[in-house]
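If you number the sequence shown the way this note's numbering does, the last residue is 681 and the count never jumps.
Rather than coming from a laboratory, the hints here were simulated on the basis of the structure.
Do not rely on the hints blindly, as some may be mistaken.
Taking lysine-lysine pairs in the DSSO-like style, the calculated list, with each CA pair at most 30 Å apart, reads [as the list claims (entries may be wrong)]:
#1 Lys620 x Lys523
#2 Lys539 x Lys675
#3 Lys539 x Lys523
#4 Lys615 x Lys534
#5 Lys615 x Lys677
#6 Lys530 x Lys677
#7 Lys675 x Lys534
#8 Lys539 x Lys678
#9 Lys675 x Lys523
#10 Lys539 x Lys615
#11 Lys530 x Lys618
#12 Lys523 x Lys534
#13 Lys620 x Lys530
#14 Lys615 x Lys675
#15 Lys618 x Lys539
#16 Lys618 x Lys534
#17 Lys620 x Lys675
#18 Lys677 x Lys534
Cβ pair distances, simulated, as ranges [said to hold, decoys possible]:
#19 Arg679 x Trp656: 34 to 44 Å
#20 Phe580 x Val672: 45 to 55 Å
#21 Asp577 x Leu526: 41 to 51 Å
#22 Val549 x Ile585: 18 to 28 Å
#23 Ile650 x Arg622: 29 to 39 Å
#24 Pro594 x Phe525: 18 to 28 Å
#25 Ala579 x Leu617: 52 to 62 Å
#26 Lys675 x Ile554: 31 to 41 Å
#27 Leu617 x Phe648: 36 to 46 Å
#28 Val657 x Ile561: 38 to 48 Å
#29 Met578 x Val613: 41 to 51 Å
#30 Leu593 x Lys677: 36 to 46 Å
#31 Phe553 x Ile650: 20 to 30 Å
#32 Ile664 x Thr569: 31 to 41 Å
Cβ coordinates follow ideal geometry from the N, Cα and C atoms, glycine included.
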Amino acid sequence: MIFLKAFLHSIKLPNKNAVFKLNRIGMDITVVYMFIIMAIVAIPALFDRITGSSDPGSDMAFFFLLIYFFMFYYLPLTIIVFVVISGVAYLYTWVAKILKRKLRFPLLWKMGAYTTTIPFFIYTIIAMIFSIDDSMLWVFFIYSLIVLLLIITVYPKRKKRNV
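Construct all of the structure, not just a fragment, from the sequences and the given hints.
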């Protein structure tokens, strides 16, 4: 149920109410949510791998094909996405400082992860219909950058302390 709530709120981003509701969701739920989203993103490539008869390893047993797919597609894709989200969150901590917002890395990482929901689902739908290269995920990356910037502006500015 929490994953459904996270999904519904992440679709509404950068809405202020959705941002603050996602802020209350724990980091453990966010990481599991990302693993689920990445599994959904990998479905078209798995179908491609299963139905492809000319690919190397196409004569493998189904079980070994799943293991091969997990090790050489899903895991690297997930690691790359997590590293990119971490890098973006780190860079956006500097943006938050410039905009005088009191935001820390974990919160920006969490919001960055939730901003990938819409682009990943659009990619999955397009990949189910057409043959699409995984490099197109970088095009959807721009959407996440813009939404994350809008999320930063939703948070109030730091109050100045009079000394």
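(message) Run the distance test for Lys618 versus Lys539: straight-line Cα separation, threshold 30 Å.
(response) Satisfied, since the Cα-Cα distance of roughly 22 Å is no more than 30 Å.
(message) For Lys675 and Lys534, compute the direct alpha-carbon distance and say whether it is at most 30 Å.
(response) With Cα atoms ~14 Å apart, Lys675 and Lys534 stay inside 30 Å; holds.
(request) Would you check the hint for Lys523 and Lys534, treating anything up to 30 Å between C-alpha atoms as holding? (result) Since the Cα atoms of Lys523 and Lys534 sit roughly 15 Å apart, the hinted pair holds (cutoff 30 Å).
(message) Run the distance test for Lys539 versus Lys615: straight-line Cα separation, threshold 30 Å.
(response) 23 Å, holds
(request) With respect to the beta-carbon atoms only, verify the hint that Lys675 and Ile554 lie 31 to 41 Å apart. (result) At roughly 35 Å between Cβ atoms, Ile554 and Lys675 fall inside 31 to 41 Å, so the hint holds.
(message) For Lys539 and Lys523, compute the direct alpha-carbon distance and say whether it is at most 30 Å.
(response) 9 Å, holds
(request) Verify the proposed pairing of Lys530 with Lys618, using a straight-line Cα cut of 30 Å. (result) Holds, at roughly 24 Å.
(request) Starting from the range 29 to 39 Å, see whether the pair Ile650 and Arg622 falls in it by beta-carbon distance. (result) Holds: the Cβ-Cβ distance is about 36 Å, inside 29 to 39 Å.
(request) Using the beta carbons of Ala579 and Leu617, state whether their distance is inside 52 to 62 Å or not. (result) 54 Å, holds
(message) What's the verdict on Lys620 and Lys530, does the C-alpha distance respect the 30 Å limit or exceed it?
(response) Holds, at roughly 22 Å.
(message) Assuming the hint says 45 to 55 Å, is it satisfied by the Cβ distance from Phe580 to Val672 or not?
(response) Check passed, 47 Å falls within 45 to 55 Å.
(request) Assess, step by step, whether the Cα of Lys530 is no farther than 30 Å from the Cα of Lys677, and give holds or violated. (result) Given that 30 Å is the threshold and the Cα spacing comes to 28 Å, the pair holds.
In summary, the structure is inconsistent with hint 28 from the numbered list given earlier, while agreeing with all the others.
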